[in-house]
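First to last, the protein sequences are chains Z and X. In terms of our numbering, the first sequence opens at residue 1 and continues consecutively. In terms of our numbering, the second sequence opens at residue 1 and continues consecutively.
Since the hints were made in silico from the structure, they are not lab data. Certain hints may be false.
One copy or two, either will do: identical chains are not told apart, so a pair holds if it fits within one copy or between any two.
[Unchecked claim] Capping the alpha-carbon separation at 20 Å, the derived lysine to aspartate or glutamate pairs in DMTMM-like fashion look like this: (1) LYS261 - ASP301; (2) LYS277 - ASP311; (3) LYS160 - GLU283; (4) LYS277 - ASP199; (5) LYS39 - GLU312; (6) LYS224 - ASP207; (7) LYS261 - GLU287; (8) LYS261 - GLU294.
Since this is a predicted model, take the numbers as computed values, not measurements.
There are 2 protein chains.
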Amino acid sequence: MKDSPNDLYQKLLKGDRRAAARLITLVENADPSARQALKMLHRHSGGGHIVGMTGSPGSGKSTLTCRLARHYRDEDRSVGIICVDPSSPFTGGALLGDRVRMQELSGDPEVFIRSMGSRGALGGLSVATNDVINILDAFGKDVIIVETVGAGQVEIEVVKYTHTCIVVTMPGGGDEIQAIKAGILEIGDIFVVNKSDRDGAPRAVADLEMMLETKPGTSEEAWKPPVITTMALAGEGIDELAAAISAHRGFLVESGLLEEKTVQRMRAELLEILNLKVSRAAENALEEEGVGAELVRRMADREIDPHSAADEVVEYLLKRAGR
Amino acid sequence: MKDSPNDLYQKLLKGDRRAAARLITLVENADPSARQALKMLHRHSGGGHIVGMTGSPGSGKSTLTCRLARHYRDEDRSVGIICVDPSSPFTGGALLGDRVRMQELSGDPEVFIRSMGSRGALGGLSVATNDVINILDAFGKDVIIVETVGAGQVEIEVVKYTHTCIVVTMPGGGDEIQAIKAGILEIGDIFVVNKSDRDGAPRAVADLEMMLETKPGTSEEAWKPPVITTMALAGEGIDELAAAISAHRGFLVESGLLEEKTVQRMRAELLEILNLKVSRAAENALEEEGVGAELVRRMADREIDPHSAADEVVEYLLKRAGR
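Next up, chain Z with everything else stripped away, as it sits in the complex:
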């Protein structure tokens, strides 16, 4: 039997894992009943600390996330893990990294792991990921770790507005740090050089610290992103990383920036839902008889240019809404 939105809501607040999993599936399927449950759950969210974990593939983010989750469990804090992979069409199932984790974390009812694939919808993935963060937040998870598979543009968008964003790198083959791309330096609150037993680790740390020091627009009172060295596989450096996350949280609370970050996050979330919504409305209008096909035909016949055609669709949308 299918649960009503209210059933799911009630069960979720009581800590029913299967209800949480079902609601997430409804979110992924863009089921209208998910909207209802999300609406009811919203006032219960806001308690969790949201941690983003990004960096190049192979830098060891999955192992780091797993070790961090175990650290929190040892402190008796509950953990949600969302693994975002825009390049994978799969959703819900266990990705490779998950399988490793599941062996380590399975059986612990206080750890909730979920993978999010693309399903072909770029904008949709960000929105769905935010929905799942909110669900796990309302579900009472103390820490929610959003881990990305790579560090592509979609992935950076997804972790950009977390409370604490961790950027993971590793020593490069030569004297360079891998995967510190344009845009990623700006979003990191904590930097990790993982696989720190490899050649070039001290150099990687020094390079990173130099890059961070010369970052423009840094004021006296601003947070100074620390660079932590870890060996995630051996479990080394995890306590230091967790301490840095705590310190960052403390800084956010004391400086009043937690509030500001929450507002930024809400704004970004609202904008993404809006973008998805208006884009879908536009796409649907193009599907309507006599609108899209006719305009495209006129474009192909070189009667109207694409920008003017887009103006006509907008006119049509507004006219229809005004009816």
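Place chain X on chain Z using the hints.
For chain X alone, coordinates are given in the frame of chain Z:
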């Protein structure tokens, strides 16, 4: 003195390269006068054959593009090259690959090369790239090659609707083909195994051919994507590649699919302009006093959930448009 849209239009039709370059810069800056010139130029476009060139970084796309351009020049056909790099914030200037090419192709007035960076606007890059394709098309280029730096999702979107899409790979380290990711097999009309002197090339060709044969939904009359081996640096296989492009063009014309592809392309272009347009309208609404900030505050205070807040913005937009 600044040229008027009409001046640019007139000069461009007369073959003035500097006018073409200036108009492209206006497009990149989203200058309103670009819209006017694009509108006038539209009816002069449609003659060029648009070739997409994508594949993983390091597979040799730049060299291949350069060799292909020289091949067309030997046949006295004019060439436009657009190099799309979503990860680069730069636009207009010469990227690394361009510099190599420029040495080889510079001084030839019938080759026009342009790089397109991201400028931070994802949706914007696709739209701007389409505008530049249309400009070079109206400028009279016989072949327009759109080359991407990598094979990310934005890059695939950019080459997906070209007339002939070439996917470039190279033999992997072991027995696998590099960079044939989900989604890229579907968009290729021609596959190239470049650096075919490397170990594993025959295996890479065989693997690709097998993947293509088992591709679902292929009918008898459909185009069978060939797999071409090249050594771009040595100029080997370029004639075969050019012949495959010709054959594909011939197939498109005879089957009536050229028309269909043009329509698909127009539709995709229209949709992207629409998405950009409505997204910007939504974003601007959020900036307005008393709309965005107020809603975000209510979201942060857990009074309203993000999806309901998005509904309110849409209501506001429609109400305002109806005034």
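So, going through the hints one by one against the coordinates:
no.: 1; hint: LYS261 - ASP301; result: between (50 Å within a copy, 13 Å between copies)
no.: 2; hint: LYS277 - ASP311; result: both (18 Å within a copy, 9 Å between copies)
no.: 3; hint: LYS160 - GLU283; result: between (28 Å within a copy, 18 Å between copies)
no.: 4; hint: LYS277 - ASP199; result: neither (49 Å within a copy, 49 Å between copies)
no.: 5; hint: LYS39 - GLU312; result: between (35 Å within a copy, 14 Å between copies)
no.: 6; hint: LYS224 - ASP207; result: within (15 Å within a copy, 50 Å between copies)
no.: 7; hint: LYS261 - GLU287; result: between (39 Å within a copy, 17 Å between copies)
no.: 8; hint: LYS261 - GLU294; result: between (46 Å within a copy, 16 Å between copies)
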